[in-house]
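Asks: Position chain S relative to chain Z; hints supplied.
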Amino acid sequence: ETGVTQTPRHLVMGMTNKKSLKCEQHLGHNAMYWYKQSAKKPLELMFVYNFKEQTENNSVPSRFSPECPNSSHLFLHLHTLQPEDSALYLCASSLGGAVEYGYTFGSGTRLTVV
Amino acid sequence: SQQGEEDPQALSIQEGENATMNCSYKTSINNLQWYRQNSGRGLVHLILIRSNEREKHSGRLRVTLDTSKKSSSLLITASRAADTASYFCARSYNTDKLIFGTGTRLQVFP
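Here the protein sequences come in this chain order: Z and S. Add 750 to the 1-based position in the first sequence for our numbering, that's all there is to it. Add 5 to the 1-based position in the second sequence for our numbering, that's all there is to it.
Honestly, the hints are just simulated from the structure, not real lab data. Here a beta-carbon is modelled for each residue, glycine too, at the ideal position from N, C-alpha and C. Each hint should be verified, as a subset may be incorrect.
Among chain S residues calculated to face chain Z with C-beta under 7 Å, some are [to be verified]:
hint	residue
1	Q38
2	R46
3	L48
4	H50
5	K102
6	T107
Only chain Z is shown next, with the shape it has when bound in the complex (with noise of 0.2 Å):
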């Protein structure tokens, strides 16, 4: 375990469904992070929080929704998702942000869109 907690690990929905993933770390970091991750595609960002504050909406579709109800927890619900949304869903967390520190990741949620 890297200290960054992520459920499920394992997802399957259906295009009208409901689900959040979980992201939760108890290792005093201040910002939150939601990357995705496609086959054959780089790592793409989609949400930063800082200090629960969102700092960053990298033009992510509506049908995403962050919510950072404090420093340690940070969710993603999903809905009325599309096949292409299937992918590996990392949060990380990181203590400054990325100029002078790494980030600790989850191992993520394995979601598909069926």
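Replies: Chain S only, in chain Z's frame:
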């Protein structure tokens, strides 16, 4: 594209050989970081090199940075089968986010 590019895309070597992966980028950086990802898992931070540093070591890893050429390299010496993974460079610039490259898939055969 703001993303970095790793070269080669894939690399196959025998145990004991050295593996060198390269990363190029287009804009300025505060630091450049290397990560490793085992198949289908999260990324693990390996090493960070700041823009004013030229070389850094960590165990069997050696990272170099040439800001004039906007490139970095990761050398893994005396590779092991357990080093089989994908390796990514990521650059940080003036904000609290990392932009990742496309990755190099390394296969080390016993």
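Asks: Broken hints, numbered, in rising order?
Replies: Of the numbered hints given earlier, the structure breaks none, since each of them holds.
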